[in-house]
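Asks: Here are the chains, one letter per residue:
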Amino acid sequence: MKKVFLLVVAFFMAVAVVGCNVKGGDKDDKKGYDYDAIPDTMEASSYEIAFVTDIGQLKDKSFNQGTWEGLKRFAKENNKSYKYYQPAGGNEATDEDRIAAMNAAVAGGAKIIVCAGFMQGNALTAVATANPEVKFVFVDGWPLGLENVTAIVFQEEQAGYLAGYAAVKEGFTKLGFAGGGGGTNPACQRFGYGYIQGANAAAKELGKTVEMKYSWLHGASFSASAELQTMLEGWYSTGTQVVFACGGSMCTSAFAAAGANNGKVIGVDVDQAGDSATVITSAMKGLREGTMYALEKFYAGKWSEISDKSANLGVNDNAVGLPTEESSWGFKNFTVEEYNELFKKLQDKTIVVDATVEGAESKSYSNVTVDWVK
Amino acid sequence: MVYFIQQTLVFCIPLMIVALAGVFAERSGIINIALEGIMVFGAFIGVLFVRMFLNMGFGPESGQFILLVVVIITMIFGGLFALLLAYASINLKADQTIGGTALNLLAPALVLFLILIISQQNVLNINSRYSSADLFMLFQEDFGLGTSYENPLGVIGNILFNKVFLTTVYAIVLYIVLSIILMKTKFGLHLRACGEHPQAADSLGINVYKMRYIGTVISGCLAAFGGFIYALTAAGCTSNGDVAGLGFLALAVMIFGNWNPVSIALAALLFGALKCISVGYPYIDFNGDGIYALTKLPINSHIYRILPYLITLVVLAFTSKKSRAPKAEGQPYDKEKR
Amino acid sequence: MAGWLWFLLQLVIIAGFVTYLIISAKKAKQENRTTWFMKTWEKDSVKSIASSLMSIILGLLIGCLILFIMVLIPTQGSKLSMKSAIDGIQLIFSGIFNTGRNANGSLIFGFNSVNIGDMLFRATPLILTGLSVAVAFKTGLFNIGAPGQYLASTSVTLILALSIPTSVVHPIFVWIIAFFGGILVGALWGVVPGIFKALLNVNEVITCIMMNWISANLVTMLFDKQIGPFKNLLDPSGTKNLAYVFKTTHNGVATPKLGLDLIFEGSQVNFGIIIAIVIAILIHIILNKTTFGYQLKACGSNKNAAKYAGINDKVCTIVSMAIAGGLAGAAASLYYLAGNTEFAWETYQSLPAVGFNGIPVALLACNHPVGTVFSAIFISLLDVNGMQLKYMTPYNEYITSIITAIIVYFSAFSLLFKQILNGKIKINLKNIFKRNSEKTVETIEKETATEDKKEVIE
Numbered sequence: 006m007k008k009v010f011l012l013v014v015a016f017f018m019a020v021a022v023v024g025c026n027v028k029g030g031d032k033d034d035k036k037g038y039d040y041d042a043i044p045d046t047m048e049a050s051s052y053e054i055a056f057v058t059d060i061g062q063l064k065d066k067s068f069n070q071g072t073w074e075g076l077k078r079f080a081k082e083n084n085k086s087y088k089y090y091q092p093a094g095g096n097e098a099t100d101e102d103r104i105a106a107m108n109a110a111v112a113g114g115a116k117i118i119v120c121a122g123f124m125q126g127n128a129l130t131a132v133a134t135a136n137p138e139v140k141f142v143f144v145d146g147w148p149l150g151l152e153n154v155t156a157i158v159f160q161e162e163q164a165g166y167l168a169g170y171a172a173v174k175e176g177f178t179k180l181g182f183a184g185g186g187g188g189t190n191p192a193c194q195r196f197g198y199g200y201i202q203g204a205n206a207a208a209k210e211l212g213k214t215v216e217m218k219y220s221w222l223h224g225a226s227f228s229a230s231a232e233l234q235t236m237l238e239g240w241y242s243t244g245t246q247v248v249f250a251c252g253g254s255m256c257t258s259a260f261a262a263a264g265a266n267n268g269k270v271i272g273v274d275v276d277q278a279g280d281s282a283t284v285i286t287s288a289m290k291g292l293r294e295g296t297m298y299a300l301e302k303f304y305a306g307k308w309s310e311i312s313d314k315s316a317n318l319g320v321n322d323n324a325v326g327l328p329t330e331e332s333s334w335g336f337k338n339f340t341v342e343e344y345n346e347l348f349k350k351l352q353d354k355t356i357v358v359d360a361t362v363e364g365a366e367s368k369s370y371s372n373v374t375v376d377w378v379k
Numbered sequence: 100m101v102y103f104i105q106q107t108l109v110f111c112i113p114l115m116i117v118a119l120a121g122v123f124a125e126r127s128g129i130i131n132i133a134l135e136g137i138m139v140f141g142a143f144i145g146v147l148f149v150r151m152f153l154n155m156g157f158g159p160e161s162g163q164f165i166l167l168v169v170v171i172i173t174m175i176f177g178g179l180f181a182l183l184l185a186y187a188s189i190n191l192k193a194d195q196t197i198g199g200t201a202l203n204l205l206a207p208a209l210v211l212f213l214i215l216i217i218s219q220q221n222v223l224n225i226n227s228r229y230s231s232a233d234l235f236m237l238f239q240e241d242f243g244l245g246t247s248y249e250n251p252l253g254v255i256g257n258i259l260f261n262k263v264f265l266t267t268v269y270a271i272v273l274y275i276v277l278s279i280i281l282m283k284t285k286f287g288l289h290l291r292a293c294g295e296h297p298q299a300a301d302s303l304g305i306n307v308y309k310m311r312y313i314g315t316v317i318s319g320c321l322a323a324f325g326g327f328i329y330a331l332t333a334a335g336c337t338s339n340g341d342v343a344g345l346g347f348l349a350l351a352v353m354i355f356g357n358w359n360p361v362s363i364a365l366a367a368l369l370f371g372a373l374k375c376i377s378v379g380y381p382y383i384d385f386n387g388d389g390i391y392a393l394t395k396l397p398i399n400s401h402i403y404r405i406l407p408y409l410i411t412l413v414v415l416a417f418t419s420k421k422s423r424a425p426k427a428e429g430q431p432y433d434k435e436k437r
Numbered sequence: 003m004a005g006w007l008w009f010l011l012q013l014v015i016i017a018g019f020v021t022y023l024i025i026s027a028k029k030a031k032q033e034n035r036t037t038w039f040m041k042t043w044e045k046d047s048v049k050s051i052a053s054s055l056m057s058i059i060l061g062l063l064i065g066c067l068i069l070f071i072m073v074l075i076p077t078q079g080s081k082l083s084m085k086s087a088i089d090g091i092q093l094i095f096s097g098i099f100n101t102g103r104n105a106n107g108s109l110i111f112g113f114n115s116v117n118i119g120d121m122l123f124r125a126t127p128l129i130l131t132g133l134s135v136a137v138a139f140k141t142g143l144f145n146i147g148a149p150g151q152y153l154a155s156t157s158v159t160l161i162l163a164l165s166i167p168t169s170v171v172h173p174i175f176v177w178i179i180a181f182f183g184g185i186l187v188g189a190l191w192g193v194v195p196g197i198f199k200a201l202l203n204v205n206e207v208i209t210c211i212m213m214n215w216i217s218a219n220l221v222t223m224l225f226d227k228q229i230g231p232f233k234n235l236l237d238p239s240g241t242k243n244l245a246y247v248f249k250t251t252h253n254g255v256a257t258p259k260l261g262l263d264l265i266f267e268g269s270q271v272n273f274g275i276i277i278a279i280v281i282a283i284l285i286h287i288i289l290n291k292t293t294f295g296y297q298l299k300a301c302g303s304n305k306n307a308a309k310y311a312g313i314n315d316k317v318c319t320i321v322s323m324a325i326a327g328g329l330a331g332a333a334a335s336l337y338y339l340a341g342n343t344e345f346a347w348e349t350y351q352s353l354p355a356v357g358f359n360g361i362p363v364a365l366l367a368c369n370h371p372v373g374t375v376f377s378a379i380f381i382s383l384l385d386v387n388g389m390q391l392k393y394m395t396p397y398n399e400y401i402t403s404i405i406t407a408i409i410v411y412f413s414a415f416s417l418l419f420k421q422i423l424n425g426k427i428k429i430n431l432k433n434i435f436k437r438n439s440e441k442t443v444e445t446i447e448k449e450t451a452t453e454d455k456k457e458v459i460e
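Going down the list, the protein sequences come from chains A, B and C.
Each residue of the first sequence is one higher than the last, beginning at 6 in our numbering.
Each residue of the second sequence is one higher than the last, beginning at 100 in our numbering.
Each residue of the third sequence is one higher than the last, beginning at 3 in our numbering.
Since the hints were derived computationally from the structure, they do not count as laboratory data.
Everything numeric in this text was worked out from a predicted model, so none of it was measured.
Even glycine gets a Cβ: it sits at the ideal position worked out from N, Cα and C.
Treat each hint with caution, since some may be false.
To be verified - Derived, one-sided and incomplete: chain B residues facing chain C with beta-carbon distance under 10 Å:
{"no.": "1", "residue": "Leu-182"}
{"no.": "2", "residue": "Leu-183"}
{"no.": "3", "residue": "Asn-203"}
{"no.": "4", "residue": "Ala-206"}
{"no.": "5", "residue": "Leu-259"}
{"no.": "6", "residue": "Asn-261"}
{"no.": "7", "residue": "Thr-394"}
Unchecked claim - Derived DSS-like pairs: lysine-lysine, alpha-carbon spacing no greater than 27 Å straight-line:
{"no.": "8", "chain 1": "B", "residue 1": "Lys-426", "chain 2": "C", "residue 2": "Lys-316"}
{"no.": "9", "chain 1": "C", "residue 1": "Lys-233", "chain 2": "B", "residue 2": "Lys-192"}
{"no.": "10", "chain 1": "A", "residue 1": "Lys-368", "chain 2": "A", "residue 2": "Lys-350"}
{"no.": "11", "chain 1": "B", "residue 1": "Lys-395", "chain 2": "A", "residue 2": "Lys-368"}
{"no.": "12", "chain 1": "C", "residue 1": "Lys-45", "chain 2": "C", "residue 2": "Lys-28"}
{"no.": "13", "chain 1": "C", "residue 1": "Lys-299", "chain 2": "B", "residue 2": "Lys-192"}
{"no.": "14", "chain 1": "C", "residue 1": "Lys-49", "chain 2": "A", "residue 2": "Lys-116"}
{"no.": "15", "chain 1": "C", "residue 1": "Lys-233", "chain 2": "A", "residue 2": "Lys-368"}
{"no.": "16", "chain 1": "C", "residue 1": "Lys-49", "chain 2": "B", "residue 2": "Lys-192"}
{"no.": "17", "chain 1": "A", "residue 1": "Lys-379", "chain 2": "C", "residue 2": "Lys-233"}
Unchecked claim - Label-pair distances were calculated between CB atoms; the ranges are:
{"no.": "18", "chain 1": "A", "residue 1": "Ser-367", "chain 2": "B", "residue 2": "Ala-416", "range": "37 to 45 Å"}
{"no.": "19", "chain 1": "B", "residue 1": "Leu-191", "chain 2": "C", "residue 2": "Thr-21", "range": "24 to 32 Å"}
{"no.": "20", "chain 1": "C", "residue 1": "Tyr-296", "chain 2": "B", "residue 2": "Lys-309", "range": "38 to 46 Å"}
{"no.": "21", "chain 1": "A", "residue 1": "Ser-332", "chain 2": "C", "residue 2": "Phe-70", "range": "51 to 59 Å"}
{"no.": "22", "chain 1": "A", "residue 1": "Asn-345", "chain 2": "B", "residue 2": "Leu-252", "range": "44 to 52 Å"}
{"no.": "23", "chain 1": "C", "residue 1": "Lys-305", "chain 2": "B", "residue 2": "Leu-365", "range": "53 to 61 Å"}
{"no.": "24", "chain 1": "A", "residue 1": "Ser-50", "chain 2": "C", "residue 2": "Thr-21", "range": "32 to 40 Å"}
{"no.": "25", "chain 1": "C", "residue 1": "Phe-70", "chain 2": "A", "residue 2": "Ser-51", "range": "21 to 29 Å"}
{"no.": "26", "chain 1": "B", "residue 1": "Ala-416", "chain 2": "C", "residue 2": "Lys-305", "range": "17 to 25 Å"}
{"no.": "27", "chain 1": "A", "residue 1": "Ser-312", "chain 2": "C", "residue 2": "Gln-228", "range": "36 to 44 Å"}
{"no.": "28", "chain 1": "C", "residue 1": "Gln-228", "chain 2": "A", "residue 2": "Ser-50", "range": "44 to 52 Å"}
Working from the sequences, and respecting the hints, build out all of it.
Replies: Here it is in structure tokens:
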């Protein structure tokens, strides 16, 4: 009995020791602003800036994390207290769970609450109506007709377009798209549809035809899975060269499948080049910047400028695009100059990317044959 | 074909080794329903130590060395974790189902808690730009077979010498060795006796408590190893407190295989193949003629995903008349009650 | 400081009550008479409850210990202060009564109608999945298939509640049809493992696991937004975008609140909790007061003896699994008929946690039907306290999961606690790590065993 007891104690101590050793130096190869250095939790008697997460984890390497990092950075630089609230029920969170989380944030002393994800709409309407003195930022949302709510939405189709164009210009002819949210997340749909259009445009210029596998399978909860990895292994082993992994923690499966087959991955939302050597580029949207923009307006006393409006951020706001730093630029044939040229064309609207996703799956494209994997 | 076999192995190997883990516990008389929890824990420990070695400055050049060391460490920790079950069910004579369920609850919570402390994330990754493939996967050039797309040894060569993790080899060797120990040696006989008729075993001078401890600890080692294999081959060497219900499936495979190593290997292979077909059917080219026959069938992907489970049920209905669990499993053994 | 006082007051009351009991018992012993307390104490069931409580308290204490350890280890780049650990402990024990913080930043406690109501709401499905597991356990079966039964019932409940036009049929009848439809499908899903077990000798665990995943994939297929036959039930509004099935209120069907919303203002609780409790009592009566229940239990305790007594064990197995499935189905029906819950239909990759949570609920209640009501409410209470911990302090949500697991782990030792209570094991700190103490445990168990045998003979 004594032996067993000692063994168990020793075992937990070993875990603790290893844990302490492993700590520190997280992502030291990532350059730029070190967001991880700002703690996720802080002690305060009340929390001024609150974040209510979308489904998926806080640290999903994309949507939640991007928004949260912008919020943390703003709070840190302006010395405000901050806290995140994850609705109960995980990926099956209901409107009631979101309302409870938002109410907790209000009770916790929040002056402004950032709510990420289009699914928060109903809960936001309820809570924002009941608490007119608290301000709300609806990321990936739309104006709700309430004075204390502002919406930030991105033109993801432009980022997708840039990524698709770049991939085909680089010389890839077999592309893939693995999206999250089961084809019900508007942001992911816009990314994907823009990606097809970009690939189509580049293929037309080069006079080639491009094959694309397009799937929403195994990504409903935005998480990595063995099934997703098996599917992507299938894609890569049947010739797919690059896959756009569009959604949160799903990228882990894509990295694994790409690593085993010498394939490439396009990241999403934030620059993921630091996460895997297989990432050639990332279709970014300025979640951090967008969040900080709204918070700045609020704290500068300029809420009325954005009140009940939707900031539709795109190339003209430098809110979407591909990372052009040398360390993140994985292309060899497609140059940064070409990219900048294309970016300008998008800015001055010489090229307009279609953002209406309804019916996108029944259209046909001149130079892209899309294989809808269902 | 290469894709089919390799992806079958992705599902089959962890199922097989974890099912054997279940056999060792149950044959010694302890129901180990905590396989899932131990797998979760093993996956965590494995990834944690890989991460630690990489932080210490090891790189892809010493990948195979790290892998072997991590496998051994993972097994040791898995055995220690299983002691919680062994102690509760052997010394305290607690209900084994309750003890196992408690471990199943404890493992994900503890693991997520530790992950958050260690990495500020909900997922523990290896914190490196190298993927698990860069670090641990062996390609044909590593075997000196050239870098051309076509493997000089054909399909078989492609399966055996391209894109393999050595854990697969370790697992198969371990499986064979332990199966022989269990079924053919005196030690194995003693262990099995403790699960069938502990009173008789005791009267022959076998220490039932000791045997049950050994069975449970081996079970923990193997289950943790299985968890690490899953993390390595199917989750890109990350751990997030979840192994997608594989532990419970392994329990099912163990029962499917009638507590017998040979049948279990076959059952795991069948289930792995079905699982691979259910997900990857559009990319399986059985005879290499470039035609993906399974896409021609008039069934949708939902039906394909149901098939592994449905077929297992049908096979069970026809084969399990003689299925029989170890007689004394689940019963705490009390020396005085002979 | 108000929070502290509240917490101390609780401790003082409990400590005072226990001291009173002990002192009065000692006095009574000296005077050779018995108090009401001693009489109740002699009952076996009381001791079972007491041993469960002991494991709960031990689990909670270890949880507090973890909070303190986290103060010592810097987490997430910041070091926590002692105050947050103390706040955390208060919330673990009484978070449900937390009503926020006052101007000084200390916790205030009082009647929190939302928390208590939501606790009851979340306990409703847990009671029923717990019962489902417990009934199967009583017949010697392990129903690990509750998640599948739950999912199957969810889909059918929603299909019925949303498809039957309320303009033709009164909403109450739609509710009843959907409720019983859900139960029926749950029972159907449960009866398959039962039949496999009884007629084909297939272990129910394996069949249950297969049925779980079949159910998960089948439900996704039914609601698939492209090819699903019931895709018209998906909510196309902007915030749902076809990812969820409509709430049943879309068709005007919802469980009535019957005044519970007045008591627990602002919470989600509804009449479902009463239905769940009534079902638990019914199951208790069936199991303990009817011949049929006796037969089921007889099959569970000794199959051969049951056969000898003329009980058809095959029928018992099938019926027991059907009841278990029906109960898990009822859990889903009540949860989704509440009308405030939308269902995310893409379930093919994960099983609902509430199904698996039925296992600890049943185990904590020692498989006693009425006990499941309390253990479900307790686990739901822990959840609510955990939410409070997460929202009010810098701690994260996994602490409560760890505490639940530790409590279940200790509840496995309830036999040991019971013996300690019986005074058969003297806790001697000096001997606790010595080998010979184990021997005493064994001899004592031998004594208990012989006593048990005597009782059986009598």
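Asks: Does each hint fit the structure? Answer for all of them.
Replies: Evaluated hints:
no.	hint	verdict
1	Leu-182	violated, 13 Å
2	Leu-183	holds, 7 Å
3	Asn-203	holds, 8 Å
4	Ala-206	holds, 8 Å
5	Leu-259	violated, 32 Å
6	Asn-261	violated, 29 Å
7	Thr-394	violated, 16 Å
8	B:Lys-426 <-> C:Lys-316	holds, 20 Å
9	C:Lys-233 <-> B:Lys-192	violated, 52 Å
10	A:Lys-368 <-> A:Lys-350	holds, 24 Å
11	B:Lys-395 <-> A:Lys-368	holds, 23 Å
12	C:Lys-45 <-> C:Lys-28	holds, 18 Å
13	C:Lys-299 <-> B:Lys-192	holds, 22 Å
14	C:Lys-49 <-> A:Lys-116	violated, 51 Å
15	C:Lys-233 <-> A:Lys-368	holds, 22 Å
16	C:Lys-49 <-> B:Lys-192	holds, 18 Å
17	A:Lys-379 <-> C:Lys-233	holds, 16 Å
18	A:Ser-367 <-> B:Ala-416: 37 to 45 Å	holds, 43 Å
19	B:Leu-191 <-> C:Thr-21: 24 to 32 Å	holds, 30 Å
20	C:Tyr-296 <-> B:Lys-309: 38 to 46 Å	holds, 41 Å
21	A:Ser-332 <-> C:Phe-70: 51 to 59 Å	violated, 43 Å
22	A:Asn-345 <-> B:Leu-252: 44 to 52 Å	holds, 48 Å
23	C:Lys-305 <-> B:Leu-365: 53 to 61 Å	violated, 30 Å
24	A:Ser-50 <-> C:Thr-21: 32 to 40 Å	holds, 36 Å
25	C:Phe-70 <-> A:Ser-51: 21 to 29 Å	holds, 24 Å
26	B:Ala-416 <-> C:Lys-305: 17 to 25 Å	holds, 21 Å
27	A:Ser-312 <-> C:Gln-228: 36 to 44 Å	holds, 39 Å
28	C:Gln-228 <-> A:Ser-50: 44 to 52 Å	holds, 51 Å
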